[in-house]
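These protein sequence lines are chains H and C, in that order. Numbering-wise, the first sequence is residues 301 to 413 according to the numbering used here. Numbering-wise, the second sequence is residues 437 to 547 according to the numbering used here.
Rather than coming from a laboratory, the hints here were simulated on the basis of the structure. Hints are not guaranteed to be accurate.
[Unchecked claim] Think about it this way: if two alpha-carbon atoms lie no more than 27 Å apart in a straight line, the pair counts; the simulated DSSO-like pairs of lysine-lysine are:
#1 Lys493(C) with Lys305(H)
#2 Lys447(C) with Lys507(C)
#3 Lys447(C) with Lys400(H)
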Amino acid sequence: DQQVKQNSPSLSVQEGRISILNCDYTNSMFDYFLWYKKYPAEGPTFLISISSIKDKNEDGRFTVFLNKSAKHLSLHIVPSQPGDSAVYFCAAGINTNAGKSTFGDGTTLTVKP
Amino acid sequence: DTGVSQDPRHKITKRGQNVTFRCDPISEHNRLYWYRQTLGQGPEFLTYFQNEAQLEKSRLLSDRFSAERPKGSFSTLEIQRTEQGDSAMYLCASSGVGGYTFGSGTRLTVV
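Build out the structure end to end from the sequences listed, making use of the hints.
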């Protein structure tokens with residue numbers, strides 16, 4: 301049973317538009333959520349996180365929204381830039397030990413110039 | 437400090453051989469994590485250390501897998517009697533104040 305799911309393997313958007321990446325989870329014990337970005341031949345890079353006590357967290361062009369009742373979170377990138385093209389992983393954990401997080405399988409974002 | 441370093445970057449080994457990977461975390465980070473990532477999937481947590489103490493190892497994939505962090509600095513992950521199913525990317529990450537940082541991983545190919 302996959303506890304964290306990213307149902308869209310890929311997403312393509314035009315430069316300057318909004319990118320929305322989605323993630324669903326099943327374990328109601330998860331209380332801390334993270335997004336990572338990964339370029340080829342590199343390890344994942346932490347982007348942004350959100351605790352379950354919040355429903356929104358913003359950092360520059362990146363905003364994460366959390367809907368606990370739906371067990372759903374999303375990452376919004378506005379405006380999208382070609383350098384944002386990468387694989388994005390959603391991860392969920394318990395008690396802020398996010399290193400033990402369960403990861404989704406990733407969504408490949410392509411931002412076209 | 438240049439971040440989390442993993443060595444080697446690539447390892448090809450014959451089935452049945454033992455392999456050992458090394459991870460050097462960011463020096464001021466006290467937590468260190470190991471993950472496995474197979475093609476098309478996200479990283480899968482294996483084990484972690486707080487300083488030299490291994491606080492969880494129940495997620496190690498089998499008793500062929502073991503990890504150490506003897507002095508609370510670098511860590512090693514060993515796989516004994518490798519199998520073709522062990523072929524994957526093995527990632528290390530460290531954490532402290534300021535967040536989590538991953539290394540670039542060691543890609544293992546078992547032939």
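A quick look at each hint next to the structure:
A C-alpha spacing of about 24 Å is found between Lys493(C) and Lys305(H), which places the hinted pair at or below 27 Å, so the restraint holds. A hinted pair counts as satisfied when its Cα atoms are at most 27 Å apart, and Lys447(C) with Lys507(C) qualifies at roughly 25 Å. The suggested pairing of Lys447(C) with Lys400(H) holds, with an alpha-carbon distance near 25 Å, which does not exceed 27 Å.
Consistency note: the structure conflicts with none of the earlier hints.
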